[in-house]
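Protein chains in written order, with my numbering: chain Y, 503 to 866; chain E, 11 to 300.
If you are wondering where the hints come from, they were derived from the structure by calculation, not from laboratory data.
Glycine included, C-beta positions come from ideal geometry on N, C-alpha and C.
The reader is advised that the hints may include incorrect statements.
To give an idea of the chain Y side of the interface with chain E (calculated C-beta under 8 Å), a few residues [as the list claims (entries may be wrong)]:
hint, residue
1, Phe558
2, Ala574
3, Pro582
4, Phe604
5, Ser641
6, Val689
7, Gly690
8, Val841
9, Phe842
10, Pro845
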Amino acid sequence: MTTSDPMIEFRDVHKYYGDYHALRGITATIRPGEFFSLLGPSGCGKTTLLRTIAGFEDISSGAVLVDGRDMAGVPANKRPTNMVFQSYAIFPHLSVEENVGFGLRRDPRSKEEKARAVGEALEMVGLKGYGKRAAHALSGGQRQRVALARALILKPKVLLLDEPLSALDKKMREQMQVELIRLQRQVGITFILVTHDQEEALVMSDRIAVMFEGEIAQLADPETLYRRPNSRKVADFIGTMNFLPAKVLEEGAGAVEIEAAGFGRIHVEASQVMGGATAEGATVGFRPETLTILYDSSAATDRESMATIEEVVYFGDMTYYDVRIDGTETPVRISMRNVFGRPVLDRGARARVGWSPGALVLFR
Amino acid sequence: MASNGGTGGGGRSEAASGLLLVSPPLVYAVLLLAAPLFMVLVYSLSLPDGGFGLGNYAEVWSDRINRLLMMRSLTVSMSVTLATVLLAYPVAYFVSFHVRPEKKSLWLFLITIPFWTSYLIRVFLWKVILGYNGVINSGLISLGIIDEPLQVINYNVPALVMTLAHAYAPFAILPIFVALEKIDRSFLEAGRDLGESQFMTFLRVTLPLSMPGVIAAVLIVFIPTVGDYVTPDLIGGGKLPMIANRIEGTMLKQNNRELGSAIAVSAMMIVALVSIVFLFLNRRFLRGTK
């Protein structure tokens, strides 16, 4: 066994609920020690897939392997995985320490050693001294920490997290994101997170599987997903992406020559050419921060166009401009950092917009 | 200030309309429940010499028959409670966990069907089944298994318990069902996820979380059966009186209101005491489940 053996392996997993085809041939591997996210809109099958690992859902065909072992017929209580539930499922009739120690009943260690383990688990999640409290008296964030301690104390091979942050307010959520990352590094356990929040997935994950309608649309690290989404659908789901119509002029070796509205002729590297176009035909896509408004003082770049500013949204550190590049019909969004001394432009103003060809992605 | 006065006035009128809404049942409760209870209490403390004291209670509990009947009442009602709750729990569990959601109300409806028949008639039917010339005896005789009708299945405490348990089953099923329905299913998954078998998850999660329903079922069955009066009369054929029959006899046949009231109040106190002890034990049990 080397460390490159997958911790989780899905082999052509299908799941039907009656006629409904919830998982449509999932094949993927998750590496040991990885922070992996299943990302997708509600109803895409991400939670179902997570539950097939935990043993709460049977699969209709295919195989789910955990640490090289086929999980078929292995009940949930015999699997080397533990779960943090969306509702946290903190037992209301037990105290915090009883909740955390719940899974230790058959642990051969002495009572004192178990109590110490519970104390350490609580300390790890920042709840030192909360052991005697009643579970129902805890806040949402505290419940989540108890759920984490309760799962991690059993030293699972894989920790499954089902939308654990969705019930928290924004500030708490951001704080818990950082803590979860820290915790994962500390314990070194494989974490699998289910989320519909693309930002959360980008912030926390080593790799992300984007799911739509029971299929994995793209499985990649956050930067690849953001920079080079393999379809318009993935591009739309992750962050903001602008799209403008394009026409392929010439197919070269390693690059494609296109004519894009507002940009003119562009040379697109093969690594930036994706499938997954919609019925509208080929489009170029680009992130708001990859276009720049060029102030008169700045030097001319290799590429630039003239544009009209149609909307200005001021965010303090950033300003979002919706601009219409000359020769195009739909406005595109550009984000600019508000550096000291750089004025915020007005609605209706004319501006030079610069870009670099490497930032464009072609969907065809 | 004006707005303060306004809300204050609103509060008063709200309280007034609230009082108006509760007044019919309140009047009913005061006139038909509180007042008679108070009367009974006063009777029980009235001594033959015109004074007040605990003399009646002393007289009641020095009588061996009263002690015996109270014990029989408690034995019967505890047996009924035990049998009913033990039988009702699996039914409630089945309906809550194994019946599809859209079929649940149908099941509850079916469970309440016995209520369509009057209690008196149901008791008579048990008499027909268990009696000397009843269904069981005549069936066994015609099958040649026995020659003489069995005496052990009628006019005795087990027959009483069987009849009462049948009558109170729906009362026990419903609160347990409601308690089970309220349990978030993710608690059960969490139990499994943390390494417990289905059975251990039941013991450590489902059962403690459904205890409020079990307590309600126990109290709903235990309290009325202690004071049951019709069933011992009909099933026992007058040979198996319980404490309520004794109260009736003392009050009406012997026309001794003071003594009858003392028995009634004592019986109430005992029921209250047993219920409190049960609640206390249950709390200890819940705390002990780890």
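Tested hints:
1. Phe558: Given a least distance of 6 Å, the restraint on Phe558 (chain Y) holds.
2. Ala574: violated (17 Å)
3. Pro582: Since chain E brings no Cβ nearer than about 10 Å to Pro582 (chain Y), farther than 8 Å, the hint is violated.
4. Phe604: holds (5 Å)
5. Ser641: Constraint on Ser641 (chain Y) not satisfied, violated at 18 Å.
6. Val689: Violated, about 17 Å.
7. Gly690: violated (21 Å)
8. Val841: violated (49 Å)
9. Phe842: The hint is violated - Phe842 (chain Y) has no Cβ within 8 Å of chain E, the shortest such distance being about 49 Å.
10. Pro845: It is violated, given that the least Cβ distance between Pro845 (chain Y) and chain E is near 48 Å, above 8 Å.
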